[in-house]
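Visitor: Using the sequences and the hints, build the whole thing.
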Amino acid sequence: MSLLEIKKCSCGYENKTVISDVSFSVDKGEIVTLIGPNGCGKTTLIKTVSTLINNMSGEVLLDGKNVFSMKENERARCMALLLTDKGQGEGSTCFEVVSMGRYPYTGKFGLLSKEDKEICYEAMRLCDVSDLAERYFTQISDGQRQRILLARAIAQKPDLMILDEPTSFLDVKYKLEFLNILKELAKKTPFAVVASLHELDLAYQVSDKIVAIKDGRVDRIASPKEVFTGGYIDELFGITKGHFEEESLKIIL
Amino acid sequence: MKKNRTLSIYIVLLMAVILLLFLNICVGSVKVPFSEAIMSLVGKNKDTSFYDIVMLIRFPRAVGAIVLGGGLSLAGFALQSFFHNPIAGPYLLGISSGAKLTVALLFVFAANMVPSAAYGAKIICAFLGAFLAMGFVLLCSKKINNMAMLLVCGIMIGYICSAVTDFVVTFAKEADIVNLHNWTKGSLSGLTWMDDLVLSVIILVASFGLLALSKPLSAYAMGENYAKSVGVNIKRFRVMLVIISSLLAATVTAFAGPVSFVGIAVPHIVRGLTKSTKPIVLIPACFIGGGAFCLLCDFVARVILSPVELSISTVTAFFGAPVVIYILIQRRKRA
Numbered sequence: 154m155s156l157l158e159i160k161k162c163s164c165g166y167e168n169k170t171v172i173s174d175v176s177f178s179v180d181k182g183e184i185v186t187l188i189g190p191n192g193c194g195k196t197t198l199i200k201t202v203s204t205l206i207n208n209m210s211g212e213v214l215l216d217g218k219n220v221f222s223m224k225e226n227e228r229a230r231c232m233a234l235l236l237t238d239k240g241q242g243e244g245s246t247c248f249e250v251v252s253m254g255r256y257p258y259t260g261k262f263g264l265l266s267k268e269d270k271e272i273c274y275e276a277m278r279l280c281d282v283s284d285l286a287e288r289y290f291t292q293i294s295d296g297q298r299q300r301i302l303l304a305r306a307i308a309q310k311p312d313l314m315i316l317d318e319p320t321s322f323l324d325v326k327y328k329l330e331f332l333n334i335l336k337e338l339a340k341k342t343p344f345a346v347v348a349s350l351h352e353l354d355l356a357y358q359v360s361d362k363i364v365a366i367k368d369g370r371v372d373r374i375a376s377p378k379e380v381f382t383g384g385y386i387d388e389l390f391g392i393t394k395g396h397f398e399e400e401s402l403k404i405i406l
Numbered sequence: 019m020k021k022n023r024t025l026s027i028y029i030v031l032l033m034a035v036i037l038l039l040f041l042n043i044c045v046g047s048v049k050v051p052f053s054e055a056i057m058s059l060v061g062k063n064k065d066t067s068f069y070d071i072v073m074l075i076r077f078p079r080a081v082g083a084i085v086l087g088g089g090l091s092l093a094g095f096a097l098q099s100f101f102h103n104p105i106a107g108p109y110l111l112g113i114s115s116g117a118k119l120t121v122a123l124l125f126v127f128a129a130n131m132v133p134s135a136a137y138g139a140k141i142i143c144a145f146l147g148a149f150l151a152m153g154f155v156l157l158c159s160k161k162i163n164n165m166a167m168l169l170v171c172g173i174m175i176g177y178i179c180s181a182v183t184d185f186v187v188t189f190a191k192e193a194d195i196v197n198l199h200n201w202t203k204g205s206l207s208g209l210t211w212m213d214d215l216v217l218s219v220i221i222l223v224a225s226f227g228l229l230a231l232s233k234p235l236s237a238y239a240m241g242e243n244y245a246k247s248v249g250v251n252i253k254r255f256r257v258m259l260v261i262i263s264s265l266l267a268a269t270v271t272a273f274a275g276p277v278s279f280v281g282i283a284v285p286h287i288v289r290g291l292t293k294s295t296k297p298i299v300l301i302p303a304c305f306i307g308g309g310a311f312c313l314l315c316d317f318v319a320r321v322i323l324s325p326v327e328l329s330i331s332t333v334t335a336f337f338g339a340p341v342v343i344y345i346l347i348q349r350r351k352r353a
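Protein chains in written order, with this note's numbering: chain X, 154 to 406; chain H, 19 to 353.
By construction, these hints were calculated from the structure, which means they are not laboratory data.
Errors might be hidden in some of the hints.
[Stated by the list, open to error] Part of the chain X face toward chain H, derived, beta carbon under 8 Å:
#, residue
1, E225
2, R228
3, S245
[To be verified] If you anchor each label on the Cβ, the simulated ranges turn out as follows:
#, chain 1, residue 1, chain 2, residue 2, range
4, X, L329, H, L229, 28 to 38 Å
5, H, R349, X, E167, 32 to 42 Å
6, X, H351, H, L229, 39 to 49 Å
7, X, E212, H, A128, 50 to 60 Å
The beta carbon of each residue, even a glycine, is placed where N, CA and C say it ideally should be.
Guide: So this is what it looks like as structure tokens:
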């Protein structure tokens, strides 16, 4: 049994199905990326798996348990989330934001134990944001915020990390560092990762498995090598002007 | 460092409450010497007129001011957390006015009720009105994402409620609305020990309820999705927060009439003083700070034009409204 199993899942908002009949599974230590054109349903799928919206049919099983019927606390210990929404957190310091990751572990009043604090500092060290600890979360750059939120997700010690376009605000150095940290931790800890990515070159490098989504359905699930062949990327994104060169992972105008 | 700061803020606020308490007891149309005030509090001068003034009029009124002020500022704190908006408060969102409307209706249409029944009915009516107004605000908030617009909606709801209240009052018999007239302007005069007991029980229960929510409150500050992802039961949390803030605002309104701006000014000042965002630190500090603020405002209301009393809302607005303007300017600067 895999850690995360999505079985014939359809999801969307109110009466509109955005993406239907999705099935795939993810094991611990495995990184699965979702790629596909804008509006294909990646974010909807991510929001469904992370229970922010309800599924319309099918099942999402985490460790064999339906994610929608798990207790909030139990689910939060298994699953951490990083969204494109950068959060509000006005007046909070970065350390306080990271320490929110310990929420499912702390007691009634949310007081941090020494161990909780250690875990937070360690997570911040991994994400190279230790020096931001006392800065205000609203007064740092978008890229820094993204790394703070990753530290928060790491501090949550999940079995599954769900990331919606985690690298979109990062410069090239931090894109690489971000994905390196993720890859290393995912193997070492180990935890499973489901991420949507727009950068195809990065998706190729980091993924164990790629789920290609097109027009509200899963078009192909395969290893990066199999997905990036035979002009499939051009076809997936409907590229007509220009070309994605799969051997060099470059866009050719 | 931070702990020392928090502790010293608590001590300063508590000292302010005690100081203002004695100021309120001693100063007024009849001056009560400090020594007599102490004697009255310990019950050593029961046969003097000072005793009656202190124990039957000023002391219960001051205690009421502390608890009501604490309740109001917590209502504001809860609403600000709920809407992620630093200038949300029970008065600006129309919740106090909703409570005012239903209590006014009760005064006018059930004027002949037995006093003891009216007492309970007043609280229940205030709660219903607060809840209805809150419901409207929530409906609006579903359609509107813009925080400024939400406040405008709240203010409009407040105006509608006030208009209906005025309408009802215009057609009521003069005799029925003598009390009502004072009450709709907001006043702490005439609070008895019985009042204090009832309002303290409700407000303290609600306040401890809010304190028990301090953990999800701190997670909710990051936004709803993130709060959910770390394990907050958002639905239950929001329902609790709505009930607690309505209950606090309604209780205050039932006993003192609509009192403006305490709910915005006090949490803002307390945040600035403690430099903290932790609800577990802020909630008790807001309560004590609200008590001190209301004592001060009630003192001014009683003393400044003595023997004429100002309505407490006049004074709270005078001190509180500039804080709102200040918050808006600060936010503009930062953005």
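Visitor: Determine which of the earlier numbered hints do not hold for this structure and return their numbers in increasing order.
Guide: Of the numbered hints given earlier, the structure breaks just one, which is hint 4.
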